[in-house]
Amino acid sequence: MRAARHRPEVARPFRGGVAFSGVHRIPTAALLGAVVLASGVVAGTAGADDGVTIPKYSHYPSTTVPVKRGTPAQCRAEAESFSRNAKAFLRPYPSDTDIYRVLARVQFTAFTAHRCDVGILRRAVTRRLTTKQLRNVLAFFGFMGDVGLQLARAPQG
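Numbered per this note's numbering, the sequence shown spans residues 7 to 163.
Calculated directly from the structure, the hints in this document are not laboratory data.
Glycine included, every Cβ here is placed at the ideal spot set by N, Cα and C.
Treat each hint with caution, since some may be false.
Here are the in silico distance ranges between beta carbons for each label pair [stated by the list, open to error]:
{"no.": "1", "residue 1": "Thr59", "residue 2": "Asp104", "range": "17 to 27 Å"}
{"no.": "2", "residue 1": "Thr77", "residue 2": "Pro100", "range": "30 to 40 Å"}
{"no.": "3", "residue 1": "Tyr99", "residue 2": "Val73", "range": "35 to 45 Å"}
{"no.": "4", "residue 1": "His65", "residue 2": "Asp123", "range": "17 to 27 Å"}
{"no.": "5", "residue 1": "Gly125", "residue 2": "Pro100", "range": "28 to 38 Å"}
{"no.": "6", "residue 1": "Gly148", "residue 2": "Arg90", "range": "12 to 22 Å"}
{"no.": "7", "residue 1": "Ser64", "residue 2": "Leu96", "range": "13 to 23 Å"}
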């Protein structure tokens with residue numbers, strides 16, 4: 007029998023299992039960062055309405071985002087982040103689509119809580135997604151409600 011041509015440490019298991027188990031930590035860290043960011047927004051806005059709550063999803067806790075008018079730059083940033091995560095949601099297996107769906111939901115909730123214009127979201131989405139991709143995303147993003155219906159009816163570029 008011939009020896010393997012790769013270094014033996016590549017397939018060597020470690021405490022968490024096979025070496026690839028660390029791959030799942032990256033999206034989890036990104037999600038945690040988004041929740042911390044949303045929590046920072048909550049803590050930093052006194053005098054806002056009660057807010058919009060992102061419900062608990064799987065093992066991710068619920069988060070409340072205050073309802074307060076956002077700046078145009080803030081709205082554009084949230085729309086860009088949403089569209090980036092919506093596009094990532096469409097990646098084929100083995101990507102972790104749950105993470106991108108949760109991140110898109112957090113950004114969408116922040117976008118709506120900041121009373122941003124839907125036109126900003128429409129521009130960000132049409133820059134990143136084709137009409138077919140948008141339909142696929144909206145089929146799974148029921149949390150978008152009326153805004154999703156508006157985007158679906160809007161002419162795409």
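These are the hints, each one checked on the structure:
{"no.": "1", "hint": "Thr59 to Asp104: 17 to 27 Å", "verdict": "holds (19 Å)"}
{"no.": "2", "hint": "Thr77 to Pro100: 30 to 40 Å", "verdict": "holds (38 Å)"}
{"no.": "3", "hint": "Tyr99 to Val73: 35 to 45 Å", "verdict": "holds (37 Å)"}
{"no.": "4", "hint": "His65 to Asp123: 17 to 27 Å", "verdict": "violated (34 Å)"}
{"no.": "5", "hint": "Gly125 to Pro100: 28 to 38 Å", "verdict": "holds (36 Å)"}
{"no.": "6", "hint": "Gly148 to Arg90: 12 to 22 Å", "verdict": "holds (20 Å)"}
{"no.": "7", "hint": "Ser64 to Leu96: 13 to 23 Å", "verdict": "holds (20 Å)"}
This entry does not satisfy hint 4, going by the numbered hints stated previously; all others are met.
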